[in-house]
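Using the numbering used here, the letters of the sequence shown correspond one by one to residues 1 to 394.
Worth double-checking, as some hints may not be accurate.
Claimed, not checked - Straight-line C-alpha distance at most 30 Å; calculated DSSO-like pairs for lysine-lysine: (1) Lys322 to Lys356; (2) Lys183 to Lys284; (3) Lys280 to Lys332; (4) Lys280 to Lys363; (5) Lys105 to Lys17; (6) Lys321 to Lys107; (7) Lys70 to Lys107; (8) Lys321 to Lys13; (9) Lys295 to Lys280; (10) Lys17 to Lys73; (11) Lys332 to Lys295; (12) Lys332 to Lys322; (13) Lys284 to Lys14.
Calculated from the structure, these hints are not laboratory results.
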Amino acid sequence: MADVFPALTDAEKKSKKLRICVTGATGYLAGHIIKRLLAAGHTVHGTARHPASSAGTAHLHQMEGADRLKLFKADLLAPGAFDEAVAGCDMVIHTASPYQLDVPKGKEEELMIRPAIFGTENVLAAVNKSPSVKRVVLTASTVSVWGDPHERGRGHVFSEADWNITATPTAFPYFYSKTAAEKRAYQMCEEARGRWQLCSINPGAIWGPPTGSRTDGESVGQMIDLLSGAFWPWSPPLGVGVVDVRDVALAHCLAAVIPSASGRYLLNSESTYVLPTAAKILSKAYPKRWLPVLKPPLLSLIVFGPMMGLPVNISRATFRKKPLVCVDKAAKELGITSYISLQQSVLDMARDMLAKGMVPAWKVPLAAPILFLDVLIMAGLLWGLLSLFKTVAA
Numbered sequence: 001m002a003d004v005f006p007a008l009t010d011a012e013k014k015s016k017k018l019r020i021c022v023t024g025a026t027g028y029l030a031g032h033i034i035k036r037l038l039a040a041g042h043t044v045h046g047t048a049r050h051p052a053s054s055a056g057t058a059h060l061h062q063m064e065g066a067d068r069l070k071l072f073k074a075d076l077l078a079p080g081a082f083d084e085a086v087a088g089c090d091m092v093i094h095t096a097s098p099y100q101l102d103v104p105k106g107k108e109e110e111l112m113i114r115p116a117i118f119g120t121e122n123v124l125a126a127v128n129k130s131p132s133v134k135r136v137v138l139t140a141s142t143v144s145v146w147g148d149p150h151e152r153g154r155g156h157v158f159s160e161a162d163w164n165i166t167a168t169p170t171a172f173p174y175f176y177s178k179t180a181a182e183k184r185a186y187q188m189c190e191e192a193r194g195r196w197q198l199c200s201i202n203p204g205a206i207w208g209p210p211t212g213s214r215t216d217g218e219s220v221g222q223m224i225d226l227l228s229g230a231f232w233p234w235s236p237p238l239g240v241g242v243v244d245v246r247d248v249a250l251a252h253c254l255a256a257v258i259p260s261a262s263g264r265y266l267l268n269s270e271s272t273y274v275l276p277t278a279a280k281i282l283s284k285a286y287p288k289r290w291l292p293v294l295k296p297p298l299l300s301l302i303v304f305g306p307m308m309g310l311p312v313n314i315s316r317a318t319f320r321k322k323p324l325v326c327v328d329k330a331a332k333e334l335g336i337t338s339y340i341s342l343q344q345s346v347l348d349m350a351r352d353m354l355a356k357g358m359v360p361a362w363k364v365p366l367a368a369p370i371l372f373l374d375v376l377i378m379a380g381l382l383w384g385l386l387s388l389f390k391t392v393a394a
């Protein structure tokens with residue numbers, strides 16, 4: 001097995017030592033970014049809503065080089081909150097962003113769209129106030145590139161030139177918010193007239209071991225539900241691009257220190273049905289656990305998915321559709337020519353989280369009652385068809 005935390009690249013080792021602000025420092029991805037930056041000798045200004053919380057920041061203070069880490073209190077939606085942390089920095093890596101797939105109807109603007117756009121504006125306003133900042137690296141997503149893997153045709157290969165054309169404020173509010181925030185960032189960069197450069201990193205679903213022990217992240221939460229039996233007996237075959245968190249962190253760090261890096265960078269290890277695939281991988285390593293290796297039909301997802309926080313429109317848009325993705329730009333300009341496999345991501349993540357005690361022994365299988373209802377519905381349909389056949393035959 002490869003090193004859980006990959007070694008620094010030559011580009012990172014040779015880079016001039018910089019002062020870099022990382023927003024959302026206690027987050028899943030940010031922990032890996034900060035670890036690499038500190039290992040490379042940089043000074044890091046991290047922002048967090050609760051920087052004094054030992055539970056949320058202990059893993060950061062235990063990293064090698066943590067004497068060069070300073071944490072600042074900053075709320076994404078508080079005007080001017082990032083000014084102090086950004087002041088005097090050479091670069092900013094903006095990872096903080098609201099995430100919520102299932103947004104209550106009528107609350108899309110309030111809970112998702114406005115916070116995503118204003119949060120980006122807030123951070124970049126701080127950049128505009130600090131003449132020392134020469135580059136910003138933004139954590140974006142493939143959801144700003146596509147919403148439905150077939151939205152541009154079944155054989156279309158997505159690249160950095162594509163923008164999501166299916167997201168609307170009401171249909172896919174999270175997708176729309178990420179798209180709008182990324183576009184706003186490039187607009188503000190253009191308005192800055194070359195004073196600072198912008199790169200955005202667009203990964204698919206991010207998996208892999210966390211640096212800390214927070215359990216509120218999306219990928220971490222999904223792994224907990226997989227290992228604890230909460231998803232048993234089935235998981236939805238929704239097609240997404242997948243990439244390891246360590247590769248995503250590497251891309252951010254390379255985009256920060258490679259002078260020629262510019263614009264958007266798609267990252268993709270493979271396109272797959274991530275939850276069923278992860279369940280299959282885990283079932284071989286942990287055969288005694290209740291893992292959801294079955295795949296439900298689309299009708300079940302449409303009817304029962306919302307009970308598990310899965311919006312109907314996302315099920316319809318991605319059910320059994322694997323996106324085709326070109327990652328040549330990241331290979332040519334950042335040197336990312338290989339990726340950690342999903343199998344290694346899943347196994348490393350499971351081992352790490354189990355060792356940290358992050359996974360409860362058992363959770364109520366949310367999907368089991370749904371499977372029972374599925375069986376009843378299918379039995380009812382079959383009985384109806386048989387009755388109809390008998391009536392016609394008579």
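Against the structure, the hints:
For the suggested pair Lys322 and Lys356, the alpha carbons sit about 33 Å apart, so the restraint of at most 30 Å is broken. Proposed proximity of Lys183 and Lys284 is contradicted: the alpha carbons are some 43 Å apart, above 30 Å. Between Lys280 and Lys332 the alpha-carbon distance is near 33 Å, which puts this suggested pair outside the 30 Å criterion. Between the alpha carbons of Lys280 and Lys363 the distance comes to roughly 19 Å, so the proposed pair stays at or under 30 Å and holds.
Distance restraint check for Lys105 and Lys17: the Cα-Cα separation of roughly 47 Å exceeds the 30 Å cut-off, and the hinted pair is therefore not satisfied. Taking the CA atoms of Lys321 and Lys107, the gap is about 29 Å. The hint holds against a cut of 30 Å. Distance restraint check for Lys70 and Lys107: the Cα-Cα separation of roughly 35 Å exceeds the 30 Å cut-off, and the hinted pair is therefore not satisfied. This hinted pair does not check out: Lys321 and Lys13 have alpha carbons roughly 40 Å apart, beyond 30 Å.
Only pairs whose Cα atoms come within 30 Å are accepted, and Lys295 paired with Lys280 is accepted, the gap being roughly 11 Å. At roughly 24 Å between alpha-carbon atoms, Lys17 and Lys73 fall within 30 Å of each other, so this suggested pair holds. Of the supplied pair hints, the one linking Lys332 and Lys295 is violated, its CA atoms being roughly 37 Å apart against a limit of 30 Å. Using a Cα cut-off of 30 Å, the hinted pair Lys332 and Lys322 holds, with the two alpha carbons roughly 24 Å apart.
With a C-alpha separation of about 41 Å, the suggested pair Lys284 and Lys14 falls outside the 30 Å cut-off, and the hint is violated.
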